[in-house]
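Asker: Residue strings, one per chain:
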Amino acid sequence: MRKKLLILIGILVGVYIVLTFLDKGEYRVEKQLWRVQKDYAVIAQDPKTVPEIQFDRVVRRYRKLIRKYPNSIYLPQMYSSIGMLNVMRKDYKGAREVFQETVERFANEPEIAAKAMVDVGNTYLAENNIEKAMEVYRRVHDDYLMTEAGFFMPMHIADIYRNLGETEKFSKALDSALRFYQKTATDKGLSDSVRLNAYQLLLSAYARQGAWQKALSVAKTMLYDFADSKAMNPQRLSGITRLLNLVAIVRLQDFDAARKIYSDFIASHPDHVISPYLNKVLESLDFLEKNSMKPGSPQD
Amino acid sequence: MSAKITVRQAFPILGEAIATLFRNPQLLYPFCILGFVQLLLMEVLFFANRFPLSVICAPIITRLKGPQYLHYPFNYELVNHWFQSSQMFIYFFLTSFIVGKVVLMVAKINNGESLDAKIPRLGLRRYVNLVAIFVLIFILVYALTSGYGLLVRRATAIRSTAGLYFIIKQAVLLGAPYFALLFSILVTVLFAYVIPLIVLDRKNVIVAFFQNFWILGKTFMPLLIIIFVSSLLYAPILLLRSNQQWMSGFLTPEIWQVVVVLGVIVLLLIDAVQYTAVTMCFLLNKDDDQ
Numbered sequence: 001m002r003k004k005l006l007i008l009i010g011i012l013v014g015v016y017i018v019l020t021f022l023d024k025g026e027y028r029v030e031k032q033l034w035r036v037q038k039d040y041a042v043i044a045q046d047p048k049t050v051p052e053i054q055f056d057r058v059v060r061r062y063r064k065l066i067r068k069y070p071n072s073i074y075l076p077q078m079y080s081s082i083g084m085l086n087v088m089r090k091d092y093k094g095a096r097e098v099f100q101e102t103v104e105r106f107a108n109e110p111e112i113a114a115k116a117m118v119d120v121g122n123t124y125l126a127e128n129n130i131e132k133a134m135e136v137y138r139r140v141h142d143d144y145l146m147t148e149a150g151f152f153m154p155m156h157i158a159d160i161y162r163n164l165g166e167t168e169k170f171s172k173a174l175d176s177a178l179r180f181y182q183k184t185a186t187d188k189g190l191s192d193s194v195r196l197n198a199y200q201l202l203l204s205a206y207a208r209q210g211a212w213q214k215a216l217s218v219a220k221t222m223l224y225d226f227a228d229s230k231a232m233n234p235q236r237l238s239g240i241t242r243l244l245n246l247v248a249i250v251r252l253q254d255f256d257a258a259r260k261i262y263s264d265f266i267a268s269h270p271d272h273v274i275s276p277y278l279n280k281v282l283e284s285l286d287f288l289e290k291n292s293m294k295p296g297s298p299q300d
Numbered sequence: 001m002s003a004k005i006t007v008r009q010a011f012p013i014l015g016e017a018i019a020t021l022f023r024n025p026q027l028l029y030p031f032c033i034l035g036f037v038q039l040l041l042m043e044v045l046f047f048a049n050r051f052p053l054s055v056i057c058a059p060i061i062t063r064l065k066g067p068q069y070l071h072y073p074f075n076y077e078l079v080n081h082w083f084q085s086s087q088m089f090i091y092f093f094l095t096s097f098i099v100g101k102v103v104l105m106v107a108k109i110n111n112g113e114s115l116d117a118k119i120p121r122l123g124l125r126r127y128v129n130l131v132a133i134f135v136l137i138f139i140l141v142y143a144l145t146s147g148y149g150l151l152v153r154r155a156t157a158i159r160s161t162a163g164l165y166f167i168i169k170q171a172v173l174l175g176a177p178y179f180a181l182l183f184s185i186l187v188t189v190l191f192a193y194v195i196p197l198i199v200l201d202r203k204n205v206i207v208a209f210f211q212n213f214w215i216l217g218k219t220f221m222p223l224l225i226i227i228f229v230s231s232l233l234y235a236p237i238l239l240l241r242s243n244q245q246w247m248s249g250f251l252t253p254e255i256w257q258v259v260v261v262l263g264v265i266v267l268l269l270i271d272a273v274q275y276t277a278v279t280m281c282f283l284l285n286k287d288d289d290q
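The listed protein sequences correspond, in order, to chains A and B. Following my numbering, the numbering of the first sequence begins with 1 at its first residue and continues without gaps. Following my numbering, the numbering of the second sequence begins with 1 at its first residue and continues without gaps.
Don't take every hint at face value.
[What the hints assert, rightly or not] The calculated label-pair distances, taken between Cβ atoms and stated as ranges, are:
{"no.": "1", "chain 1": "A", "residue 1": "Q182", "chain 2": "B", "residue 2": "F166", "range": "40 to 48 Å"}
{"no.": "2", "chain 1": "B", "residue 1": "H81", "chain 2": "A", "residue 2": "D192", "range": "34 to 42 Å"}
{"no.": "3", "chain 1": "A", "residue 1": "Q45", "chain 2": "B", "residue 2": "F166", "range": "25 to 33 Å"}
{"no.": "4", "chain 1": "B", "residue 1": "T156", "chain 2": "A", "residue 2": "Q45", "range": "49 to 57 Å"}
{"no.": "5", "chain 1": "B", "residue 1": "I158", "chain 2": "A", "residue 2": "E148", "range": "42 to 50 Å"}
{"no.": "6", "chain 1": "A", "residue 1": "E104", "chain 2": "B", "residue 2": "F166", "range": "55 to 63 Å"}
{"no.": "7", "chain 1": "A", "residue 1": "R57", "chain 2": "B", "residue 2": "I119", "range": "19 to 27 Å"}
{"no.": "8", "chain 1": "A", "residue 1": "R28", "chain 2": "B", "residue 2": "S248", "range": "40 to 48 Å"}
{"no.": "9", "chain 1": "A", "residue 1": "S268", "chain 2": "B", "residue 2": "V135", "range": "50 to 58 Å"}
{"no.": "10", "chain 1": "A", "residue 1": "T20", "chain 2": "B", "residue 2": "Q68", "range": "20 to 28 Å"}
{"no.": "11", "chain 1": "B", "residue 1": "S248", "chain 2": "A", "residue 2": "N163", "range": "32 to 40 Å"}
{"no.": "12", "chain 1": "A", "residue 1": "S191", "chain 2": "B", "residue 2": "A180", "range": "50 to 58 Å"}
[Claimed, not checked] Each computed PhoX-like pair below joins lysine-lysine, with the alpha-carbon atoms no more than 20 Å apart:
{"no.": "13", "chain 1": "A", "residue 1": "K230", "chain 2": "A", "residue 2": "K260"}
{"no.": "14", "chain 1": "A", "residue 1": "K214", "chain 2": "A", "residue 2": "K183"}
{"no.": "15", "chain 1": "A", "residue 1": "K64", "chain 2": "A", "residue 2": "K24"}
{"no.": "16", "chain 1": "A", "residue 1": "K4", "chain 2": "B", "residue 2": "K118"}
{"no.": "17", "chain 1": "B", "residue 1": "K65", "chain 2": "A", "residue 2": "K3"}
No lab work stands behind these hints: they were computed from the structure. Positions of the beta carbon are idealized from the N, C-alpha and C atoms, including for glycine.
So that you can see chain B by itself, here it is in the shape it has in the complex (with noise of 0.2 Å):
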C-alpha cells in the first residue's frame, strides 16, 4: 500500500477496503456494538407504550406527544422519530470513538499486526477531539440540510404545474433525501482526513481540521468518487423512504420498521467500508508523503 493515489486507484482502493474487512472480520465489530446499541434503543422505544415500560415511559409521551402515541400504528412514528433524535446523541458520543478505533485497528493492519493482539486505547484527549469533529460535521450537515428545507418552503410556494417552475419544484421537493444523501457525501468527503489525523498523527481538532485540507487537494477526487460511490449502497432504501407515503397504502407499519433497521445496518457497512477506504487513503498518502 505504498503508490500514488489517483482517480483510477479509487476502485482498487475501495475494493481493497471491501477486502480488508472481509480479511478482518474484527473490524466490523466495533459497528455490531453501535448496531446493538442503536437496535436495542429502538426495541426500548419500540415497547415504550406496552407494560412495564409503559409504567413510566407512558406518561412521557402523552406529555409529549399526544396520547395517541401510545398505540398502534402511530407508536411507529414515534419510535422512529425519537430514533432518529437520539441518533445526534450517539453520533456524537458512541460512533466518534468507534470510528476512532476502527482507525486504530486499520492502521495496525496496515502495519502487518494482528488485530488479536490489544488494540491501543484511544485515550480521552482524542476522543474529545473525535467528539468535537463529529459535533462540527453534524452542525454543518444539519446547516445544509436547513438550507435544503428553506429551499423546498420556496419551492412549495410555486404554483405552476407544469414547465420548467414545475420541473424545478418537483426537482426540489422529491430529490430533498438525495440532496441530504448528497450533503453528507460532500461533509464526509471534506473532513475525512480529520479523524485519521486526530487518532493516528494524535493532532488535537484545530490542526487536524487545517492539515485535513492539505492533504485533501491531493486526493480529493479519489476519495470523492469512494465516499460517493460506497454511498450507493444506501440509495435503495432512500428510494423506499422516500416513497413511503405511497408504499404505506399497501405495507404495513412493521415492514417499514424492517425496512428502518435496514437502513441502520446498511449505513453501518457504508460506515466500516468508508472508514476503512479513508484511513487507507491517509495511510497511502503518508507513505507517498515519505
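Excised from the complex, chain A in its bound form (with noise of 0.2 Å):
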C-alpha cells in the first residue's frame, strides 16, 4: 500500500513540475507582480505618512521584475507604477524620468509611449507648469495622434483650462478641439471606429460649450450613420440612446425631439437589432412625460 500511496504522490508532484515547467507565460510574473502592486496599494493609501525607505524598497522591487523579465507585457504597467511612486511623493523630476524612459523603451508601442507622455505633462501640471504641461500634451497630440491618448488630447487640453478657471484659453482650446473632431469624424477615409471617437468627442465638446442642439444633431448622426456599421456594438448604441437622451430631455426638455429621432429610425430601419429596444425606449419615453413635470408647473 505505501508504494501504491508513493505512486499517486509522485504522478501529483510529477504533473505540478511538468505543466510548471511547459508554462512559459507571464502567470509567473504576474504573481510577483501582484505582491508589488498590494505594497503599491498600501503606499497609494496614504503617501504621506509612508517613510521615503518604503518608497524606495517598492520601486527596487519593481526595478527587480523589469530586470528579470525584460520581455513581459506587464513592464509598462511597472514603468508606470514606478513614475506614479515617484509622483506620490512629489519627485517629478524622477517621475519624469521614469515615464521618458518608458517613451523611448517602448518608442515601437505607440499607444503606451503616449500614456507616458501625457504622464511626463501631468507631472507638469502637479508641479503647475501649465504652459510646459501645454506644450507636452500637444506633442502628445502631433506625434501620437492615432492613439487614445493623442486623439483625446484636444479635448483634455480644453478641460485643463476650464478647471484652472481660464475662460479665454478654455474657450480657444475648445474650438480648435471642436475643430480637429468635427474634421475628423466627417473624414470618411478613416475608419468608422476612429469616425464614431471623433463623433463622441464632438458632442462632448458641444456639451462642454452649452450647443444642446448641436449636441443633438451629433448624437442623431452616431445613431444613423453608424448603425450598420462594424465599429458599433450594443455597449455603443446603448450609450449613444443614453446621451440622446440626456441632451434631449434633461437639457431641452424636447421629448418630441428623441421622440422624432427613434421613431424616423425605426421607420427607415425596421428590421435593425436596436428597433425593439428603441421602442421600449419610446414606451419609456412616453411613461416618462406623462410622469414629470412640465417646465414653470408649480413645482418648478
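Build the complex: two chains, separate frames, hints provided.
Answerer: Pasting the structure below:
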C-alpha cells in the first residue's frame, strides 16, 4: 500500500513539475507583480505617512522585476507604477525620468508611449508648470495622433483650462478641439471606429459649449450613420441612446425631438437589431413625460 | 464487538474506529484514491490558465467566467469554484463507490478476516443503490442549505445595528458555514445506516431507507455524538475559511489554496472515521439483535 501511495503522490508532484516547467507564459510575472502591487496599494492609500525607505523598497522591487522579465507584457505597468510612486512622493523630476524611459523603451508601441508622455505632462501640471504641461500634451496630440491618448488630447487641454478657470484659453482650446473632431468625424477615409470616437468627443465638446442642439444633432448622426457599422456594438448603441436622452430630455426638455429621432430610425430601419430596444425607449419616454413635471409648473 | 450501543459507548466506539484505522491502514487506501482524484482535478484546474492546458481551457474559461479568470490571483477563485462544483459528481459516482468498499472492508475486519485477501466486489446493483442514496443525501443537504440561504437573505435586510435583531442577523450571517456543517452532520446521521444496509445486507435503496430509521431509532444519540465529535475536526478549517475575507489581507492566495487542500484531506479523514464507526455501530446492533 505504501508503494501505491508513493506512486499517487509521485503522479501529483510529477504533474505539478511538468506543467510548471511547460508554462512559459506571464503567470509567474503576474504572481510576483501582484505582491509588489499590494505594497504599492498600501503606499497609495496615504503616501504622506509613508517613509521614504518604503517607497525606495517598492521601486527596487519593480526594478528587479523589470530586470528579471525584460520582455513581459506587464513592463509598461511596472514603469508606470514606479513613475506614480515618484509622483506620490512629489519627486516629479524622478517621475518624468521614468516616464521618459518608458517612452524610449516603447517607442514602437505608440499607445504605451503616448500614455507615458501624458504622464510626463501630468507631472508638469502637478508642479503648476501649465505652459510646459500644455507643450507636452500638444506633442502627444501631434506625435501620437492615432492613439487613444493623442486623440483625446484636444479635449483634455480644454478641460484643464476650464478647471483652471482660464475662460479665454478654454474657449480657444475648445474651438480648436471642435475643429479637430469635426474634421476627423466627417473624414470618410478614416475607419468607422475612429470617426465614431471623434463624434463622441465632438458631442462632449458641444456639451461643454452648452450647444445642446448641435450635440443632439451629433448624437442623431451617430445613431443613423453608424447603425450598420461594424464599429457599432450594443454597448455603444445604448451609450448613444443614453446621451441622446440626456441631451434631448434633460438639457433641451424636448421629448418630441428624442421621440422623432427614434421613430424615424425605426421607420427607416424596421429590421434593425436595435429597433425593438428603441420601441421600449419610446414607451419609457411616454411614461416619463406623463409623470414628469412640465417646465413652469408650480413645483418649478 | 457485541455489546448494546448506549450513549456512554459513543466515545469508545469512536476510539475503536480510529484504532481500527491505525491497525488496518488499508482502510485508508480507498480514501487516498479519492483524495488523489480530487487533488489531481484541483491541479488540472490550477494549471488550466497556463500552457499547455490553456490551449483548450482558456477559451472555455473566457467564455464561461471572463478573461480576468485567466490571470493571477483570480484563477484561484476559478479553481475553487469549479473544484467545488465538480465535488457533486465526485460525491455521487466516486465517493459512493469508495464508501461502499470501505464498509465491505470494515465488515471483513469485523469477521476476523484479513484485508490482504481479495476484497469482495461491490457489484453494479449495490453501486447504483449507493449512488441513489448519495444523490438523495446531496439533495437534502442542498435543500437545507438553500433554505438557510433564504434566511440569510432575510437577515441581510435587517438594518438594526444593535439589539436582539442585530444579534440574530449576526448569528445568521456569521454562522452560515457552521449551520452548513450542522446540516451535513444531521443528514449524515439520518441516513447513516442506509449505506451498510445496501452494502452488507444487499437491500435496495427504498427498503434500506426505511430500515435505516428503525435501526436509527435505537442508536440515534450515540451515532449523533460520534458523527458530531468526528466532524469537529473540520471546525478549525471552517474557522479559517469563514474568515477568509479578513485574513486574505495578509495571506497570499497560495496559502489559501493550502487551506483548501487541507480541508479536502481533513474531510477524507473524517469520512474514513465516520464510515468505519457507522459500520461498526451497524454490525454491533446486528450482533445485538441476533
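Asker: Hints first: check each against the structure and report whether it holds.
Answerer: Status of the hints after comparison with the structure:
Between A:Q182 and B:F166 the beta carbon distance is about 60 Å. The supplied range of 40 to 48 Å is therefore violated. Between B:H81 and A:D192 the CB atoms are about 39 Å apart, so this pair conforms to the stated range of 34 to 42 Å. Taking the beta carbon of each, A:Q45 and B:F166 are about 30 Å apart, inside 25 to 33 Å as hinted. At roughly 28 Å, the beta-carbon separation of B:T156 and A:Q45 lies outside the given 49 to 57 Å, and the hint is violated.
A beta carbon spacing of about 46 Å between B:I158 and A:E148 agrees with the range 42 to 50 Å that was offered as a hint. Remark: the range hint 55 to 63 Å for A:E104 to B:F166 is upheld by a beta-carbon distance near 59 Å. Take A:R57 and B:I119: their Cβ atoms lie about 60 Å apart, and the range 19 to 27 Å is violated. Between A:R28 and B:S248 the Cβ separation comes to about 21 Å, which falls outside the hinted range of 40 to 48 Å.
The beta-carbon spacing between A:S268 and B:V135, approximately 57 Å, falls within the hinted interval of 50 to 58 Å. For the pair A:T20 and B:Q68, the beta carbons lie near 22 Å from each other, so the given range of 20 to 28 Å is met. At roughly 38 Å, the beta-carbon separation of B:S248 and A:N163 lies within the given 32 to 40 Å, and the hint holds. Checked against the given bound of 50 to 58 Å, the beta carbons of A:S191 and B:A180, roughly 54 Å apart, stay inside it.
A hinted pair counts as satisfied when its Cα atoms are at most 20 Å apart, and A:K230 with A:K260 does not qualify at roughly 25 Å. Proximity of A:K214 to A:K183 is assessed by CA-CA distance (about 15 Å); at most 20 Å being required, the pair is judged to hold. Proximity of A:K64 to A:K24 is assessed by CA-CA distance (about 19 Å); at most 20 Å being required, the pair is judged to hold. A threshold of 20 Å between alpha carbons decides the hint, and for A:K4 with B:K118 the separation of about 16 Å falls inside it, so the pair holds.
A distance of roughly 40 Å separates the Cα atoms of B:K65 and A:K3; the hinted pair therefore is violated under the 20 Å criterion.
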